[in-house]
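S.K.: With the hints as your guide, set chains Y and C onto chain R.
Chain by chain, the residues run as shown.
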Amino acid sequence: MDLHLDPDRLFPVDPQTRAVARGLYERVADLPIISPHGHVAPSLLRDDEPFSDPADLFITHDHYVTRMLHAAGVDLGDLGVGTATGTADPREVWRLFCANWHLYAGTASGYWLTHELVTLFGIGVEPSAETADVLYDDIATRLQQDDFRPRALFDRFGIEVLATTDDPMDDLAVHAALAADPSFRGRVLPTFRPDAYLDPASPAFRDNIERLTGAAGVAMDDFAGYLSALEERRAHFIRHGAVSADHGVREPLTLDLPADEASTLYRGAVGGTLDAAQTRAFTAHMLFQMARMSVADGLVMTVHAGVARNHSTATFEAFGADTGHDIPLRTEYTENLRPLLNAFGLKKDFHLVLFGVDETIYSREVAPLAGFYPSVFIGAPWWFLDAPDAVQRFRAAVTETAGFYRGSGFIDDTRAFLSIPARHDMARRSDAAFLARLVGEGRISLSRAQRIAVDLVDAVPRKAFKL
Amino acid sequence: MDLHLDPDRLFPVDPQTRAVARGLYERVADLPIISPHGHVAPSLLRDDEPFSDPADLFITHDHYVTRMLHAAGVDLGDLGVGTATGTADPREVWRLFCANWHLYAGTASGYWLTHELVTLFGIGVEPSAETADVLYDDIATRLQQDDFRPRALFDRFGIEVLATTDDPMDDLAVHAALAADPSFRGRVLPTFRPDAYLDPASPAFRDNIERLTGAAGVAMDDFAGYLSALEERRAHFIRHGAVSADHGVREPLTLDLPADEASTLYRGAVGGTLDAAQTRAFTAHMLFQMARMSVADGLVMTVHAGVARNHSTATFEAFGADTGHDIPLRTEYTENLRPLLNAFGLKKDFHLVLFGVDETIYSREVAPLAGFYPSVFIGAPWWFLDAPDAVQRFRAAVTETAGFYRGSGFIDDTRAFLSIPARHDMARRSDAAFLARLVGEGRISLSRAQRIAVDLVDAVPRKAFKL
Amino acid sequence: MDLHLDPDRLFPVDPQTRAVARGLYERVADLPIISPHGHVAPSLLRDDEPFSDPADLFITHDHYVTRMLHAAGVDLGDLGVGTATGTADPREVWRLFCANWHLYAGTASGYWLTHELVTLFGIGVEPSAETADVLYDDIATRLQQDDFRPRALFDRFGIEVLATTDDPMDDLAVHAALAADPSFRGRVLPTFRPDAYLDPASPAFRDNIERLTGAAGVAMDDFAGYLSALEERRAHFIRHGAVSADHGVREPLTLDLPADEASTLYRGAVGGTLDAAQTRAFTAHMLFQMARMSVADGLVMTVHAGVARNHSTATFEAFGADTGHDIPLRTEYTENLRPLLNAFGLKKDFHLVLFGVDETIYSREVAPLAGFYPSVFIGAPWWFLDAPDAVQRFRAAVTETAGFYRGSGFIDDTRAFLSIPARHDMARRSDAAFLARLVGEGRISLSRAQRIAVDLVDAVPRKAFKL
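Chains as they are written, first to last, in my numbering: chain R, 1 to 467; chain Y, 1 to 467; chain C, 1 to 467.
Bound conformation, chain R alone (with noise of 0.2 angstroms):
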């Protein structure tokens, strides 16, 4: 079958309304990218060097396509995920990719995966077991092309900011070197993602506190010692462009502690004795304490909240993280967050971006909270919901109550580097359409339509993000 990209794609079947979405799409259609958070590892940039194969390219690194075909029975060991990565022949996971294309069919990977086979490479047939060879041979040929790497397609994209996001420990010494580097004149963003330096029940917290105290020549279990050495680490990401701090957390507790209960837990943590409660105590706390370095130094914070990480001990165990099973969970914002918005939910110039995979928040709290705090964004729709119908329900859920510019704009929040343009044209297209039917609607008029179109993708993500 004939792989096709429809122009009209994502607009309303009205024919009236569709054109009134086309014409506002196609003022924001060539805008430039604003990307202020995702997971491009900078050393692409830097380096600059071919993509190896389209296996490496488009699947195995790719948790939204390769869980796909696990859920369909194919072993993630035979197409190189996570610990198996290189033991796979790059062409027989394209093979596997191919003939299973029909799975992909209305899912939001499909929908960039044509976008990027279509607009970057050419492709005129769908992938299938018959095509796979020929697909592959023709996509490898173009990637030792210089068109076709990673600096040439970022000046393709059009990606005018991109935030990366790293480790707190991180020297950022990549970042540094694309900055200082006159030939290459994107903007490439650290962002501070301090979870396993946060949360006593991370695998990794007790040796990354002694490498953060050590690093900052603190006693390892002085709390006083730990909290500045956290803000010292703010201020390195600071120095190095960052707008904003991360916070992945699979609830969104918060907790104002007095000092010496905090510093009592904290010295537990670094023991390894606290229990569950003290666990989540300590952790609350330090959400509440990532708030107030925001509001001291500036740093958006953004809190990425209800997800069950690695659900399948034994995939974890065999493959590591990131491999397909993240698996969402309620998520509750109005009560969590009462502490930390108390304390500084009105402090000027603070913004705080909540994000979730429970849909159930968008209308009942957080549009309602972006519609008092003047601090609370609205994030975008996030991982399994950053997908067109999913926009749609997103938009309508918190338009009524926080209209169009109390949100983050579009985030990708991608490793996908090739798939970055297709994400964001998707949300593009996806407002066009939103606004096309509330025009149609006699909701809001076309002149307004028009300005809140390029506002979505310029005005309102530069101010979530202070940028």
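A couple of the hints might just be wrong.
Any copy will do: because identical chains look the same in the list, a pair fits if it lies in one copy or spans two.
[Claimed, not checked] No more than 16 angstroms apart at the CA atoms, straight line, and that leaves these computed lysine to aspartate or glutamate pairs for EDC-like:
id, residue 1, residue 2
1, 347, 75
2, 348, 49
3, 348, 75
4, 466, 349
5, 466, 275
By construction, these hints were calculated from the structure, which means they are not laboratory data.
Fair warning: this is a prediction, and the values are worked out from it, not measured in the lab.
M.R.: What follows is chains Y and C alone, placed relative to chain R:
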């Protein structure tokens, strides 16, 4: 930019379905407004004084409006909110509002305000920094005209019944005066709202109990006396035309406690000695008692559940309650109401209307309960959810399980007198849109849809609220 | 008013999308019905007796239908429900139903009933007080015709496979008789439904254990004997063609307990000495054991979770179970199933189908789980949710994460034999509508949609249920 009210607003974009929706809407557009729950002050209609100024009318008292400005960084004090009333220059407040008009695009508030500005004041340009003064003067001039006084508007709006919300110790003299006034033909009914007499956690609880029991001539710590005092106040309300008692609860827990246990808890409540669990139990028992009284005296029992009131302590302390930071919570009715429904759910003529701001309860709990218990009625979309898209989600969520005849009819629940027609018109258009889709999809006949459209604004609220 | 069945019903209103939907539907409209889960009594097909009367056929035994009349104030006794069966005059029951026909407008039940009245009985006028007697006589006459007997209808409906739901101690003689009958060509398969043998809170638990262990010749309080007795009953079911075991649980908690702890709990369960927490733990362990057995014997494990059964105690006592007041509860799968999935989720050929009546689990939990675990399948919209709008919400919620090939196929789950074609036709139309929208929005090609439409009623259920 022009300010324009599309005559086909909120109808589906598909031309054929739109025509059906328009036809349905035309049958109900001019039917009288029944408003069985809301927060308009009855003195407004007794006094019939001109509204003071545009800011007072549209902004200062409407926490839907002020919260959006607050989220954009405006200080509530600069809007004259709450304890700051009278301290802000109304023209400056109006300018702040107009300069931020774009924030309301796509919101429910923006929709009401546009409706009011166009239909009542004939405004034809969008509020903006540039147009603010002209609009202010234009509106202020009209407000001095006799036909913009509350009673003239009441008539122009076609309001047949307007229920207010009143403190149990209110003497209802205002209602009596209105009823006795031959020059006023509308029905203005009080509603019994006893939350602060039932929940020991309410700051006013002890004072309220003192006044309640004192007036009834019973000992303050006599539970039976307290119950009979409440019953007498309900009777007082019924004598003044009340048809319902309204209950705003954080969680809708109900408990049937033995009399001696309830009595003991009550004494603790009066004495201020209850812990959190006891307070919760007592409040849950009093919700149960309210159902018992409704069975006895016939007042429709409405429950508005699931809101964390006054989320921002600093804002509450500075500006008081109802200042835009009541935030929804997850809500559960199935288990919480079981004791109440087991005792009273099958009682003849008992009516229990369930409202919520957690949309997940619609299809999961409220529609199934109302599809079985003759006493249970589905509360219309409330608060953050009384907006066009939310209404479509609501109808889609409840209709397949419970049809069109188990609802409350639309509830405006507003303090903003001028927004009443806008809100009811929104509901009528939205229901017409929903019905038109069902006609278009061959799920109901046009003639059936025509009957339902009329019933939804007439027979349905009259039945639910015993009007 | 006329009763009319629109040939384009449930298709999108946009003319072009409607045409695509119609084309997709036409490819599947007449394909055989696979019904792998439901509640039709197999004796209906063995006996092949004429249906007795219209009330018995359409009303008395269908708690979807009777609950709506009950909500409108009709006494269940007047409908001959439950323990009142046979006490009500069927013509009077039918009149009550017809006089209240408007209550069903827009409901799933109204949709099924219209389909049945038009397609099976050629009824052309709406039920009403005026038409009740004519319709009754018309239907009653037809029911005496040979082509309205169950087997004739089974053939006319095009049912290829019909699964029943059966008690573990059922001898399955009826199924054996049907299988041995050369004059009956359909496949009627039993389903193992052991809830009342696993949950100590079930009123029949002790009696059931006594019969189960007695028949197996093991001591009643011997846990290993109890497990092997269950295994033997499963084997008995498999010998009679069963392909699945069904589990109806309030919450889908699973626990992997040490053998001695499980054994101790079991003795307590038999002895009636467990407290609530122990009962919960034992039931959770037995759900875990059921998965273990499914891995061993290959029965597909289906879980129907999240319903508070018999919500109205008075109704339960007067009329028995399944009388319209089973009410959904919030449901959680991610954490509850973790022990089960960690033990068995990656086992080859293990199939676990997850159903729920809390829509929030679709995008949050079920699709992500099914998008990773090869064992997990997405249960079709169930119970209150097997209706046109709910199906659209379901498809929109799961497809972007899990595609079209991780589902169970449609499940009618019905006791109402005559509604089976109406329900499957609804599902086929709804899926055609969903696919047509995706085609219209340029997200899948028409040829892909054509394959998927067929797979959804053929390959997908055959795979999920191993047919």
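S.K.: Does each hint fit the structure? Answer for all of them.
M.R.: For each hint, the structure was consulted:
1. Proximity of residue 347 and residue 75 under a CA criterion of 16 angstroms is satisfied inter-copy only: 12 angstroms between copies versus 50 angstroms inside one chain copy.
2. For a Cα distance limit of 16 angstroms, the shortest separation of residue 348 from residue 49 qualifies neither inside one copy, at 43 angstroms, nor across copies, at 40 angstroms.
3. For the homomeric pair residue 348 and residue 75, the shortest alpha-carbon distance between copies (11 angstroms) is at most 16 angstroms, but the shortest distance inside one copy (51 angstroms) is not.
4. In this assembly of identical chains, the alpha carbons of residue 466 and residue 349 lie at most 16 angstroms apart only when taken from the same copy (9 angstroms versus 52 angstroms across copies).
5. Taking the shortest Cα distances, residue 466 and residue 275 never come within 16 angstroms of each other, neither inside one copy (39 angstroms) nor across copies (45 angstroms).
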